[in-house]
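Sequence lines, in order, name chains S and L.
Counting in our numbering, the first sequence runs from 1 upward without gaps.
Counting in our numbering, the second sequence runs from 1 upward without gaps.
Simulated from the structure, these hints should not be mistaken for lab results.
Predicted, not measured: the structure shown is a model, and the values here were computed from it.
Computed cross-link-like contacts, EDC-like style, restricted to lysine to aspartate or glutamate with a CA-CA straight-line distance of at most 16 Å:
id, chain 1, residue 1, chain 2, residue 2
1, S, 373, S, 283
2, L, 192, L, 163
3, S, 337, S, 370
4, S, 398, L, 74
5, L, 226, L, 214
6, L, 108, S, 400
7, L, 151, L, 132
8, L, 230, L, 214
9, S, 398, L, 105
10, S, 65, S, 14
11, L, 151, L, 177
12, L, 100, S, 400
13, S, 212, S, 182
14, S, 398, L, 51
15, L, 25, L, 195
Over 12 Å on every C-beta distance to chain L, these chain S residues come out as not near it, computed from the model:
id, residue
16, 93
17, 105
18, 106
19, 121
20, 129
21, 256
22, 294
23, 295
24, 324
25, 363
26, 373
27, 382
28, 420
Ideal Cβ positions, reconstructed from N, Cα and C, are used throughout, including at glycine.
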Amino acid sequence: MDNRSERYYNLYRENIKRISRNSSPYINSFREVAIGEFSRLGLPTKTNETYRYTNLDTFFSHDYKSYFMPVESDFIKAEEFRCDVTDLDAHGIVLLNGFYPTIRDKLRQLPEGIWIGSLNEAARKFRNKIEKHYGRYVNGNSDGLVHLNTAMASDGVFIYVPEGAVLKKPVQIINLVESGEDIFNQHRNLIIVEKNAEITLIICDHTLSPQKFLTNGVTEIYVGENAHFDIIRVQNEHNNAAKITHTFIHQERNSNASSNNITLHGGLVRNSTHHFLGGEGAESHSYGLFLADKWQHVDNFVNVDHAVPHCTSNQLFKGVLDDMATGAFNGRIYVHKDAQGTVAYQQNNNILLTDDAKMGTKPQLEIYADDVKCSHGATVGQLDDNALFYLQSRGISKREARLMLMFGFAHEVIQNIGVEALRERLDNLVMQRLKGELSRCASCMVKCG
Amino acid sequence: MLVIKNLKAAIEGKVILKGISLEVKAGEIHALMGPNGSGKSTLAAVLAGREFVQVLEGTVTYNGRNLLEMAAEERSREGIFLGFQYPIEIPGVSMVNFMKTAVNEHRKHRGLEPLSASDFLKLMREKKELVEIDSKLANRSVNEGFSGGEKKKNEIFQMAMLEPKLAILDETDSGLDIDALRIVANGVNRLKRPDTSVIVITHYQRLLDYIIPDVVHVLYDGRIVKTAGKELALELEEKGYDWIKREE
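Chain L extracted, bound-state conformation (with noise of 0.2 Å):
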């Protein structure tokens, strides 16, 4: 679905990515852990196409697309779907204009006819109940005055929402207390299809004890420095990071 080779990439002419290989197979989880500043999140806003990372070297091709020809909501629309680590508060746009927008630009791009109005609001309900969001917070502008705990909720019920074949969660689970964690976790268990992949970004195990991956790589100064099963995860747990840095 997604293969990543030697992928090297810049922000402001200070190179993050030093090269890195990766392939997610349909129907697989992968972890991405790492200390902070090892270029993680680079990685993610490269995938989804955030214009002020350079791409410098490597390829990145999706489904058999060159990904990084792909505009941002083209990627969006092919089934990409990046979970933001920081969830943007847009004052004045609400979150059924913002959804309704979305999904109709989805169903566009595959020839369906827009939902009629009915038809999105029953969708937008079943999809609250899935990630147990509070019903007043779809009535409210998009993230404005969500608490952190309920702007990652709302994350995961747009992904509930455009139902992507690749999603990538960027720190979903940072900021979260034990209650929201389990919530986030479940929406993203229950999203899954067999066909569908998930990266998962995080520092901690502990969101992995939900969401439970097939791969966990270690992401260190730009570079994937180990790859393994999910028992790798426990190992970061227990080690800390270090021992990946002294083998370095």
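Okay, chain S solo, but in the shape it has when bound (with noise of 0.2 Å):
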């Protein structure tokens, strides 16, 4: 083990007692397990083939603080932060730094039977539930950073979608970051959508004080049989914020799921979006866009699995980079053996602004059935002359007509969104984004910064 990777394996040595204090026993018994895992794995590193565009030392070199349990904050406003997304008619929970700030409401019954709440409140009354589902999902993983988290994380959120429930309004959970000390932070959401179920989550990711933070997600989520899931993250934190998320979607026979990760601002981003068709007739959709400037960073890695026959994927990432700021789409679709009549679709295309933008795409596509239709493409490249002419032709100014391109192709992507609020509002951001208008969190007209 490495000596970065040493220090984060002590942190959990002498903080195990406080790591596990409040969690259920099963969700402890992961523990151990997990951080032998870490120790063998450690962080990722170059060499690690789906890390291979994307640094992790700058961050993970730094000296943060942990906490393993919600800390005392007069951040009260919380309830009312509604990531300005207007007419946006949402359940809405509020985390700040991976905890419930509040007491209350710490787990709440929603129409038709959904629970949504804390993982570590439900973990007595849905013990079958977790004890079915959680970490069932991230087993096998190669990535040290998953085991990290099943190791370390000491809460999260946790939503129980019973068989038929169908939520009409989607489920909004609001990640603030806001210490005055540079923190890490790591949380674990577990998302149980059975059979016939229906549910739409948006995760929407912020920063409200300038420190250092460095955030590790883990998110396993179940569709059951002939369920519908949507999971749409909006991503605006700051230049010194990192966040890493995981997110494992694991889907039964004739489910329907779709991701769609939206990066408009942070310093470091890597996403991991892993699709898992378990169930035959399963229906898989992973979107991305990321707008990224200065020395940002964004990378996503999306692995999806045909485990079984006639299934369909699709996946559609996209990025603007401007200054010196880089990025990376790393693609995988495996089809297993037995996985006959399988569809795979992959595509990413990024446009660069300047010439010290950088892109690396890497599609990788390993096939071992032979009935399958699949393809894949990626460009890198400028902005396209004979369109920016045509607009210009029209009497729109060059500015304005790189503009509604660039806003063009991210639209593409934002389409995608089917809660038209949020679109129209992602919409806006990204107007404002690519107007150099965005800064830090201009997105919150409510009490943030």
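With the hints as a guide, bring both chains together as one complex.
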């Protein structure tokens, strides 16, 4: 184990009592195995194929403070916070540094028998459900950070959508990071969507103070037979923040799941999204959009596992990189031997606005079945001169024409978002971002820096 | 309105226009004909302000101003419209947003307030009817997935929205079936006002059955080799371009 990894290993050893104090015995039972895996794998480095374009050193060498239970905070305004998504009618959950800032409503019931709340709080009431799903979908992962999370995360969000329940309004998790100290957060979410159920989840990531932050979050999602699940992640953090997310979506027969990662701002962002198609007729969509400038770095890793026949998957990731920003896309489609009739598409398009911006893109197709339809494509380029001229020839200034083209490029990802109010809001935010008007957290009108 | 004098221009070092002189007066319709590679589209590109064409010599004056010094967007705002031979597809940019931006840039240039959303939609509706364009097309991304005919109709629709003083239609008729051709030509005729001018670039006489030119020019090897009335187009239709080449 290298020095940096050892520091995190020691952090675990020194704090294991505090880490496990509020968690259920079942969740705690994973910790020792996980830290063992972490000590074997260590923190990812560039020699790890899936981190080839991403250097975590700078962020992981820094000294952060870690908290393993909620810290008393005067941040009582959190409840008012709604990301300024106008007209977004959602069931809200506000987390501060990965924890529920208030005691009340730690576990509450929504219409149709749906429950949302803290994972620790749900441990007793949903013991069977948690024991059936927790830790199952990350199993076998080779990323040391996933295991570090399993070992050390002390709470997170739990959502339970019982069979046949359809939630009309989306659930919105607002992840706020705010502290007077530089901190390292790890949280762990578990979402269970049973047979024929339907839910949309929006996750908004924001930083509210200028300190250095590092977040390593894991979300496990079970999508039952014929169930429908959408997750939309909107990331808007400052340049001193590093955000690492791991999302595991496990799909049963005839289910439909989509993931949408919109990265508007952030120092280092690394999203890994894993789609496991485990039942025939399942359909998955993975979308991503990132806009980066200055020294920002955004990396999307997508892994789609076609484990059974007749599933469909689709990936579309787009990036606009300005200044000396860097980006990475690594998309893997794995079609197992018996997964005949697989249909899998992958597309990654990037625009570099300067000579210093860089993009690494790497499609990977591993196909062991013979009756499949797969395609992939990747482009890295500039704005299309012919299109620019076409707009100018109608009286639109060059500056405005460039903006329209970049916006149009980005909109192709945003248009896939099913929540209309969010889609409109994102169109606005992207436009502001492209105009250079979206500074730190400018999206938040409410008590937000 | 438009005076071109001894215009010479090159693309990537290759001289294409070898001294063109032409005057278009307000209200006139000019047809520019000629075989492939004679320089018709290059001339249109120079007039619209494409940067990849280098002007080597000569002048172009538009309503008393030096056109060659004006940026492409300024030419448009001053009333020049280019109907593209190959209209560009722009995914993600809606026709509505595109036209709203363009119309309001034109209005700003004339010192007018932007149109309200409802006035703008009303204007779109009127103009759509004028060029018989399918309503659905206006809700899609610019030219994306449009058929060849739809793209050409869309050019005329944009022309209707921007009401130019000088329209240059670069082979707007190519690839159109007879119904689409009639619709496009009718659109142009309805948009024509007594003081506006049109330059129609075409290979074929058939468009000129609908849009009757005042003057027909034949371009060959970067020069205008013949200028006459509308009967010249008929003669070309009958005899082809070879006799012109031979006269050279």
